[in-house]
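Engineer: In order, the protein sequences belong to chains Z and F. Each residue of the first sequence is one higher than the last, beginning at 145 in the working numbering. Each residue of the second sequence is one higher than the last, beginning at 207 in the working numbering.
Do not take every clue at face value.
Stated by the list, open to error - Label pairs and their in silico Cβ distance ranges: (1) Z:Arg172 x F:Leu260: 24 to 34 Å; (2) F:Glu264 x Z:Ile193: 19 to 29 Å; (3) F:Gly234 x Z:Asn196: 29 to 39 Å; (4) F:Lys259 x Z:Val190: 22 to 32 Å; (5) F:Thr317 x Z:Arg172: 31 to 41 Å.
Quick caveat, the hints were computed from the structure, so don't treat them as lab data. Every residue gets a Cβ at the ideal spot worked out from N, C-alpha and C, and that includes glycine.
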Amino acid sequence: AQKVTQAQTEISVVEKEDVTLDCVYETRDTTYYLFWYKQPPSGELVFLIRRNSFDEQNEISGRYSWNFQKSTSSFNFTITASQVVDSAVYFCALRPSNTGKLIFGQGTTLQVKP
Amino acid sequence: DTEVTQTPKHLVMGMTNKKSLKCEQHMGHRAMYWYKQKAKKPPELMFVYSYEKLSINESVPSRFSPECPNSSLLNLHLHALQPEDSALYLCASSQGGQGVGYTFGSGTRLTVV
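I would like the entire structure built from these sequences, with the hints used as guidance.
Structural biologist: Here it is as structure tokens:
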């Protein structure tokens, strides 16, 4: 079965705190792709990162960082020094190699309070 | 141009109406998608077009009818919808099989009355 689990439904932090959003996936494919998207209240899905299954190198982009561990089937996302503008719903998604379909987790709603 | 453009942004329609949602991209992507997103839920795939041919239909009711007139344009024709079809409809495109450049539009928020 192909599945993505985001166990944290809602997270609330105070501005400048660090926050980690968890993502665990299930797939039997050896080649697959993992994504993170941000969905602000306006509704559009904003692409944050894509990782293929052969690239376990962690990535940092400004205040964002991602930790991909195949051994635990996890692809966690950390925001350092959170800001109010980071408030949104964040989705982790899995794309199996043989299909164009994105399988989304249930999403984590992040609220950053001033 | 790195955008997927969806029109209209908002649509209210009666259950007997016929309407269409439009999606356009000029990134040269050869795969295009329709997703449906209910409130507080993740997007769910409806249709996939690959090289202008329908490749995936996720058992969507026939009152939703997709159309891909050319490689840049994707339509979703709506007819005899139900109030439970009210949702955010998202279009996306990608370069093809590798998940590269998977880009979403800002969506059409549909209300069926």
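Engineer: Are the hints correct? Go through all of them and say.
Structural biologist: Status of the hints after comparison with the structure:
| no. | hint | verdict |
| --- | --- | --- |
| 1 | Z:Arg172 x F:Leu260: 24 to 34 Å | holds, 26 Å |
| 2 | F:Glu264 x Z:Ile193: 19 to 29 Å | holds, 25 Å |
| 3 | F:Gly234 x Z:Asn196: 29 to 39 Å | violated, 21 Å |
| 4 | F:Lys259 x Z:Val190: 22 to 32 Å | holds, 29 Å |
| 5 | F:Thr317 x Z:Arg172: 31 to 41 Å | holds, 40 Å |
Taken one by one, the earlier hints fail for this structure only at number 3.
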